[in-house]
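First to last, the sequence lines map onto chains F and G.
In terms of our numbering, the first sequence is residues 1 to 489.
In terms of our numbering, the second sequence is residues 1 to 349.
One or more of the hints may lead you astray.
To give an idea of the chain G side of the interface with chain F (calculated C-beta under 8 Å), a few residues [claimed, not checked]: (1) Gly138; (2) Glu175; (3) Met176; (4) Pro177; (5) Gln178.
Computed footprint of chain G on chain F; a stretch qualifies when at least three of its residues, placed anywhere within it, have a C-beta under 8 Å from a C-beta of chain G [to be verified]: (6) 175-182; (7) 390-399.
Just so you know, the hints here were simulated from the structure itself, not pulled from any lab data.
Where a beta carbon is used, it is the ideal one built from N, C-alpha and C, also for glycine.
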Amino acid sequence: MSQPEQSAVTAPDAAIADRDALLAELARVLPAAALLSAAEDLKPYECDGLTAYRALPWAVALPQNDEQVVAVLKVCHARKVPVVARGAGTGLSGGATPVVQGVVLSLARFMRILEIDPLARLARVQPGVRNQAISEAVAPFGLYYAPDPSSQIACTIGGNVAENSGGVHCLKYGLTLHNVLKVRVALMNGEVIEIGSHALDDPGYDLLALMIGSEGMLGVVLEATVKLTPKPRTAQVVMASFDSVIEAGNAVAAIIAAGIIPAGLEMMDKLATAAVEDFVHAGYDLEAAAILLAESDGTAEEVAEEIATMSTLLEKNGARQLRISQSEAERLKYWAGRKAAFPAVGRITPDYLCMDGTIPRKHLSHVLTRIAELSAEFHLRCANVFHAGDGNLHPLIMFDARNPGETERAIAFGAKILELSVDVGGTITGEHGVGVEKVKQMCVQFSREELEAFHAVKAAFDPLTLLNPGKAVPYPRHCSEYRLTGSAR
Amino acid sequence: MTDHIEEFRSRILERKPLRLKGGGSKDFYGGPLAGEVLDTRGYSGVVAYEPTELVITARAGTPLAEIESALAARRQVLACEPPHFGAATLGGAVAAGLSGPRRAVSGSLRDYVLGVKLMDGEGRELNFGGQVMKNVAGFDVSRLVAGSLGTLGLILEVSLKVMPQPVAEATLRFEMPQDKALDALNCWGGQPVPLAASCWQDAVLTLRLAGARAAVTAACERLGGERVAEVEAAGFWAGLREQTMAFFAGDAPLWRLSVPSVAPPLSLPGPQLIEWGGAQRWLRGVGDAAHLRETAARVGGHATLFRGGDKTGGVFAPLSPALMEVHRRLKQSFDPYGVFNPGRLYSEF
């Protein structure tokens, strides 16, 4: 596989670092089992969920406590060796792609839930704790951790903080940003700072807002305090199908205009529906142009009221079929397809790229029409799943990497979709992050001055640009290269 | 409107300290006022409002009242209820970053910021965030600007997420000592009760419920207490949000203690009023600043001299050296010549 962004992930000054001397120093601060450097041991770390981009680091450190993390950072800082922090490696934008001649800092061994305070509704956890493990641990108290990215079985809270992860319920319950109260962070120079508090605010600048979604470029999370939410008593979902995407979009707008914030509001197009139906047999309407899932949660009375209103609005806006889940099992069955959309598409194609733009919903039909045209142009199929409530669109571009040139074509197709998202007033990434994947498209969304501002923000935390360098924010040379071939502003 | 932008830019490029000012409603807040006034009120107006996308974008000088009435016409609100304290503008509200009674449940003003257009110390117009709900492209500078008291740049335009007005509301009143009230608030917070705001003062807990009609009705039955009439309730919550109720009257210094909601009753000289389910505690009186700060810090919070009093010891809780260094570098990168609201947040910059 080619490495399209290799130049962006190379060490800033390779000559400074010396591999053997580095390994010797790391061996002094880490137990032998916590330091990997043999090629076969490094291999599992060569990529994250974005497998199209791979690189072998010099070493992988697997520290077990804060002191070891700080020691690794200090060694690397002194030797000016880049460090890439890594959680479960489920990220979809290459945020944890290693830097060659760098160190991968795995937080996988930080797996402890340190404190659960049901009265204060918070949990203090180490960064390697899995998203779903928090909800499982606090379930006996009638609480849960609200953000639910599709990877929640595997992904870790440290990675969620880095990416500001969302999920299918974030229109109502917010993103990671809205559900993390405090982080303890090691800066690249080894200094440890606390940001946020168990109170509702903190004096000074809102550094927590900067840290969440910073793609591991500002600091390494050592500990996070997350907010816990009371579990809704009950939930019910309406499944509606439509003859056109426009009708489905109008139905979504009508629900919001009626003053309802559904717990989940998801759309799938015909191709995506076919793929998931074949996989989970949820009974989706295969003739429909679009399927809509609208969920209500709360007390039984609340849910009944909301489901009735939503059903009326869906019908009024042309739903051809309407089904309301009659049991928890049925609700989960309706959702199973949506939640399994990525693997379901994975079954019908050797490879796929998942895009992540967010668009103002009023442009949905224009964007989907344009994606269909591009699909024909690039000779690649594309299925669309859509967080309809918040405008976050996931086109899944299908390709076969074994066919020469097809990977490049898929990447070019994806780039067009991202540019389209920006053109209609949206963004290139709603929840997956920029990473290495979309770093060039940042030149489309942001001006040179804005990118300079981002570099300055990074420098405020990491003046030597050693922490996850080359990710998320492009350098001017990337943009000038991109402008020669693309349509950057 | 381009005239305003050019005027702002030329003022900024003079590189002399500027005091950014909207309606002046929060002149009392933060460190001493310094610099020549730059008035944003001419740069006003709603740029875009999409009720079905839950987004409003407006220029900084737009009166907050104008925004709220535009929202009300479509039965929507700024869920965090930012206080006006007078003729507030949108830019000032975002710069101050203050939230009202509903904050503990709704999230803070910062949580609703989707995008900001900023003019930095070099007179450059910079866009961060955008007009969509989910956006992780680039560092979240738009939310960093919220609550920065204008020290990072001149806010030109803001996009906010808006929410539907709750269908139903009810206000309940309970006779309850402070410790019992704190316990009750924290317990209810962990249950599916449609809490919207709380206020404890003088052994009386007032509770606002808001949400679906069925949920509010059910909660009223379950919680009991004395139901407060609609008009009286509306006046009460407005008085709390705008700090016009008796507790806030007079010249005695007003301290704001932001603490974990489960912090025990704080024994401090002077009357207290507790909001946000226990997480925001107001204190009147000339307490010793160091003692107050220490008390708040001991329970995991911080204290702000919110209004009045002696500001010479600083208004906000001091930062650790490492955090101050990060603040200084951020300030330096957005405002290299120290133009914007010097000393308003910390005397160091």
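Against the structure, the hints:
Using the Cβ-Cβ criterion of 8 Å, the hint placing Gly138/G at the interface with chain F is satisfied: the shortest such distance is roughly 5 Å. For Glu175/G, the suggested interface contact is broken, since its CB lies about 22 Å from the closest CB of chain F, more than 8 Å. Interface hint status for Met176/G: violated, as the beta-carbon distance to the closest one in chain F is roughly 17 Å, over 8 Å. For Pro177/G, the interface hint is violated, the least distance from its beta-carbon to any beta-carbon of chain F being 18 Å, above 8 Å.
For Gln178/G, the interface hint is violated, since its Cβ never comes within 8 Å of a Cβ in chain F; the closest pair sits about 16 Å apart. Chain G is given as covering the stretch 175-182 of chain F, and this holds because 3 residues of the stretch bring a CB closer than 8 Å to a CB of that chain, at least three being needed. Residues of the stretch 390-399 of chain F lying with their CB closer than 8 Å to a CB of chain G number 3, which satisfies the three-residue condition for coverage.
Against the hints set out earlier in the document, violations occur for numbers 2, 3, 4, 5.
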